[in-house]
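> Going down the list, the sequences are from chains A, B and C.
With this note's numbering applied, the first sequence covers -3 to 294.
With this note's numbering applied, the second sequence covers 18 to 544.
With this note's numbering applied, the third sequence covers 22 to 261.
It is possible that part of the hints are untrue.
Claimed, not checked - Pulled from the structure, derived: some chain C residues nowhere near chain A, Cβ distances all over 12 Å:
#, residue
1, Thr24
2, Arg25
3, Leu61
4, Arg101
5, Ala112
6, Asp118
7, Glu119
8, Gly123
9, Asp131
10, Val165
11, Gly166
12, Gly181
13, Lys204
14, Ser212
What the hints assert, rightly or not - Using 30 Å as the maximum straight-line C-alpha spacing, the simulated DSSO-like pairs for lysine-lysine come out as follows:
#, chain 1, residue 1, chain 2, residue 2
15, B, Lys57, B, Lys93
16, A, Lys90, B, Lys287
17, B, Lys445, B, Lys399
18, B, Lys408, C, Lys31
19, B, Lys409, B, Lys287
20, C, Lys31, C, Lys108
21, B, Lys408, A, Lys121
22, B, Lys452, B, Lys409
23, B, Lys399, A, Lys90
24, B, Lys410, C, Lys31
These are calculated hints, taken from the structure and not from any lab test.
Note that the structure is a prediction, hence the values are computed from the model and not measured.
The beta carbon of each residue, even a glycine, is placed where N, CA and C say it ideally should be.
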Amino acid sequence: MDWSYILLSALTLASIYGLLAIGISITWSSVGMVNMAYGLTFAVAGYGAWGVAELMVDVDPIITGVAVVAAGIGTGALAGVLVCLMTFIPIHDKPNFPVRGLIATLALSLMGTQILLWIFGPRVKTLPPVFGEWQAEFGAIVLTADKAGALVSSILLLAVTLTWLKSSRRGLEIRAMMMNPHGAAIVGIGVRRTGIYVMALTGALAGLAAVLLCQTYFVSPFSGLTPMIKGVSVALCGGLGSVSGALIAAAILGLNESLTSAYLGGQYVLITQFALIIIILLIRPRGIAGMLDKAREA
Amino acid sequence: MFDKVWKSAAWKNPQDVWSSAGARSKAALHPVGRLRWYYKWPAHSSNLWRLRYPFTRRNVLRLRGVYNPKSLRAEKTIVDRRPVYWVLGLAALAAIAPFVESSTLLAAGAIFGIYAAINLCWMLIVGTAGIFSLASPAVVGAAAYGSAYLSIHYGLPWWALPFVGSGFGLIFGTLIALPATRLDGFYYALLTLGINELCRVYVVQSKLFGSATGGLYGADSYFPESWSENHQLLLGFYACMLLMIGALFLYRFVNGTRLGRILRAAPEKKEAFAEATGINYRAARIRVFIISSIALGFIGGFYAAHFRGASPSLFSFDVVLLMLAMIVIGGLGRAEGAVVGTLIVIFLEKYFLEWGPMRLILIGFIMMMTVLFLRNGLFGTKLQFRAWRNKKKSEFRSTRSEKGGEMLPEEATETADKDQIYFRRFDKMQRDYLKGLIDDDVIEEHRRRPLGQHSEQLERLLVYFRRAGQVDKYAITMTKPFKEYRIVALSGQRGVAPRLVDDKIYTSENEAYHAVFLRRVQDLLES
Amino acid sequence: MATREVLNVKGLSAGYGPLRVLHDLDLVVYSGERVGLVGLNGHGKSTLFLAIAGLTGWQRGSIRLNGHEVGGTRSQGPGRFTHRVVKLGLALMPQGDEIFTGLTVEEHLDSGAFTPRAWRERAQRKRRVLEIFPPLEKLMATAVGRLSGGERRMVSLGRGLMADASLFLVDEPSLGLAPKISKGVVDALMSVELGDAAMVIAEQNVSLLEGRVNRLIGMHAGKLKGEAAVGLAAQTVREA
């Protein structure tokens, strides 16, 4: 077992987990809702990408790849907006919103996965390889196409998202809402509209993650569950609402996962992961970055 | 002279005030707060009959002695009728079961019993202890797997399974209670969701727990082999109902004791207040968590004995979602919510099997609508409706302004003596009429002759003034016999002296009479 | 200068649930004037401001901001329409600052320039705010959560001044500040060039405002007292 391989797979996993976790983290901190329909968004985006891939017969593989990725991101964003319209908009100013929002998104994911099952049936679908079938060697390191693609595209999208959040006006809105929703309303930020932006953004992140993960796994109605749980646990470990914390946690858990599957075996990944998360949370109940910034009290 | 005064003022018919055409009050008179005339329950206080739980001093029914405000008869009333409904509902379920032909329905009934019991214990954690744990189904699953494993490999008899399961529940519950001491709210909910998934993946992959056969089957069961299938189903149904009743008693027991009170004193986000009064809410929460984990383990052992094993579906996300749907539809924090929600969901899920995914979509839809529109499930609708109605009412009332002397609706609802409402309205109309009678001629007539026979207008005014209550009623006191008179106001209370109204001294009795009259006229006009 | 009605409140009642705080209140604010709103705790000053921004539990009555009706009858969703009111030219500097703790001072000031025009001119506007509150210059890159109470108040007021607003509602600028600092803050508010806009300052401490605003209105038990009369207001504006 060589270290370069472990590090590489850790990096790939970390980038995908980072996508998922940051989506959940941003949703929680800016609209104040734990989006449990994230897995559903993931699955819907997978199906969207699959549908576009089915349409693209006899087309240049590069165009197909781009179209599939774009379709995944697009349907993900659309699903995110739908989730927002159905769960955030009706109850965001009603009493006991956080718990009700959590339950509403859970109900939505129950409904949504069953609808997907109804429409597409239980058979799994596969996506075409969007990054082609090449591999590059750097000394001892072998970089396969899907890994390289996943790494590059997720880092790209993350960087774009983070700079957008940091520098644009909408990003400022979202961050202001993360800090103080009441103050945001006074400044003139429309809570509902910003909610839709946020959910579209996080949906797009989930969509990209779906396309990337479905290079190795399959698209099925329930395929969103495991990524969502991993994303949630990474976000939890990093501290809900913290972008930097989520990135650190993604790196730690990605390393843990690749180490575990290399030395102990694939079935122990979840066990070691949860043991790690529980230990981290027992030491720091608000996650890795929970003490760095008090973005939003739970 | 008398005639002249009589004719000078245009005579107004006093009857006009009461006739519908001339009624001065335009405001509608709503019947506010009718008196309760119906009969409730006889014999309050004579022999207050009480039903107590055995060996305790707890009452099964909360009774209160009241007097019927209309008939003035002594009655008693049940403050909390829920135990009656429980008994009636459960008795109906038990009575119907032997006549149910469909075996699906009976099997669904048994599943309902088990799930209702699980949900009641879960409600203890979520509602009473306020720990939003999603791992409770996992405790049941762990106990079911553990006891089934022991039964298969070590030949444990069926009656031992629930108790062994309790042990597993204790261990597993303690393990997952550990993070709950540090984490709060969503952190814990999301973590437990992960633990659930962890269990599922472990069980599905582990050869020890039958990854090949899709579950662990072959445990000892309480169904006698010799019985017919229908009888077995019936036995299963009754056993599960018994389990549910046990869970109901546990729920009642935890909520009714000091433990439950401590937890009610420390709801989420208000823990600091409870802590400041010396309540160790953390220990109480963990205690409830462990108590209900033991109960969940018991149910898990029973599950293994009932289904002859355990399946990984116990840990699946969809089952957790369905169980969440059960407790959410009924309403968090209520035993009746847990049971009725379970009834609805299980009925939809198990009886309409041929609908396929559609029924789960329907359940999800119901759950969604409940969460979006109801504050606390089906059993919270009454409170929610009342809160909404009160809010609307007070918004409406607060925009109304004062109307001279009449009671506003909010005052009227709060006044116990409803006669007062009508009296105040009558008084206002009468004052309006009397104000129209006052003119210079009447005052002049009174000045000339305060006592004796008067014109009709003056007589009506004087009768109204004289009829007023004793509180602050004007009177004349003679400070020097036949030389000095002063005006006082009566206190209206025995033993409390009247107070002087002003410094003015009147030299004759008639002058003082007229001064009192003028004061009263002024008060009338100002009202 | 032609005076224009910036704010015209007619028959405004507002409250929270069963509680009614404002009782049939009428108020007109003209452009270019500074109005002091004085009254004790709990007499509805803040509620009046919140009602104008649509943040109370329920409200009834007409509120016209620059000729646009923003009031009406509303009984749910506090804050749902606030951003539209803000777009029509309202800047509310709330009690307790409502700052965004994690943002830097600069980002904070940017977040105040919410309307498209203000956003385009935000560099200029920031310079203007810094002229009014010079101490903020050095703190531009610091997170607001690390500032002192007085600095936070400056940031909160500066955020309000960034807006392209025609009506500034300042709620208790001296609350919780040392007397010297609060005087400085009020001085800064007085130095703001209003131009066509108007400013209403709610204060408990009358002496801070006395003689420095165009008119003083008292507030008692949800009703306005004192110089609220319309004719008088127009007169004082002309004198000023």
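> All hints are to be evaluated individually against the structure, with a verdict given for each.
So, going through the hints one by one against the coordinates:
With a closest Cβ-Cβ approach of about 26 Å to chain A, C/Thr24 is found to remain outside the 12 Å limit, as its non-interface label requires. Once the 12 Å rule is applied to beta carbons, C/Arg25 is consistent with being away from chain A; the minimum gap is 22 Å. The beta carbon of C/Leu61 is kept farther than 12 Å from every beta carbon of chain A, the shortest such distance being approximately 24 Å. A Cβ of chain A approaches the Cβ of C/Arg101 within 12 Å, the least distance being about 7 Å, so the stated non-interface status is violated.
With a cut of 12 Å on Cβ distances, C/Ala112 falls inside the contact zone with chain A, its closest approach being about 9 Å. Non-interface call for C/Asp118 relative to chain A: violated, since the shortest CB-CB distance, roughly 8 Å, does not exceed 12 Å. Listed as outside the interface, C/Glu119 is inconsistent with that label: its C-beta sits roughly 3 Å from the nearest C-beta of chain A, within the 12 Å cut-off. With a least beta-carbon separation of about 5 Å from chain A, C/Gly123 fails to lie farther than 12 Å from that chain, contradicting its non-interface assignment.
For C/Asp131, the shortest C-beta to C-beta distance to chain A comes to about 6 Å, within the 12 Å cut-off, and the non-interface label is violated. Not every CB of chain A lies more than 12 Å from the CB of C/Val165, the least distance being 9 Å, so the non-interface label is violated. The Cβ of C/Gly166 sits about 8 Å from the closest Cβ of chain A, inside the 12 Å cut-off, so the non-interface label is violated. The Cβ of C/Gly181 does not lie farther than 12 Å from every Cβ of chain A; its closest approach is about 9 Å, which violates its non-interface assignment.
Every CB of chain A is more than 12 Å from the CB of C/Lys204 (nearest about 25 Å), matching its label as outside the interface. Residue-level check passed: C/Ser212 sits 23 Å from the nearest beta carbon of chain A, beyond 12 Å. Among the hinted pairs, B/Lys57 with B/Lys93 is consistent with the structure: their alpha-carbon atoms are about 7 Å apart, no more than 30 Å. For the proposed pair A/Lys90 and B/Lys287, the alpha carbon gap of about 19 Å is at most 30 Å, so the pair holds.
In summary, the hint linking B/Lys445 to B/Lys399 is not supported, as the alpha carbons are separated by about 38 Å, beyond the 30 Å threshold. Between B/Lys408 and C/Lys31, the direct Cα distance comes to roughly 24 Å. Compliance with the 30 Å bound is thereby established for this hinted pair. With a C-alpha separation of about 28 Å, the suggested pair B/Lys409 and B/Lys287 falls inside the 30 Å cut-off, and the hint holds. With a C-alpha separation of about 21 Å, the suggested pair C/Lys31 and C/Lys108 falls inside the 30 Å cut-off, and the hint holds.
Between B/Lys408 and A/Lys121, the direct Cα distance comes to roughly 53 Å. Violation of the 30 Å bound is thereby established for this hinted pair. A hinted pair counts as satisfied when its Cα atoms are at most 30 Å apart, and B/Lys452 with B/Lys409 does not qualify at roughly 37 Å. Distance hint between B/Lys399 and A/Lys90 is fulfilled; the C-alpha atoms sit about 17 Å from each other, no more than 30 Å. Distance hint between B/Lys410 and C/Lys31 is fulfilled; the C-alpha atoms sit about 23 Å from each other, no more than 30 Å.
Violation of the numbered hints given earlier is confined to hints 4, 5, 6, 7, 8, 9, 10, 11, 12, 17, 21 and 22; the remaining hints are satisfied by the structure.
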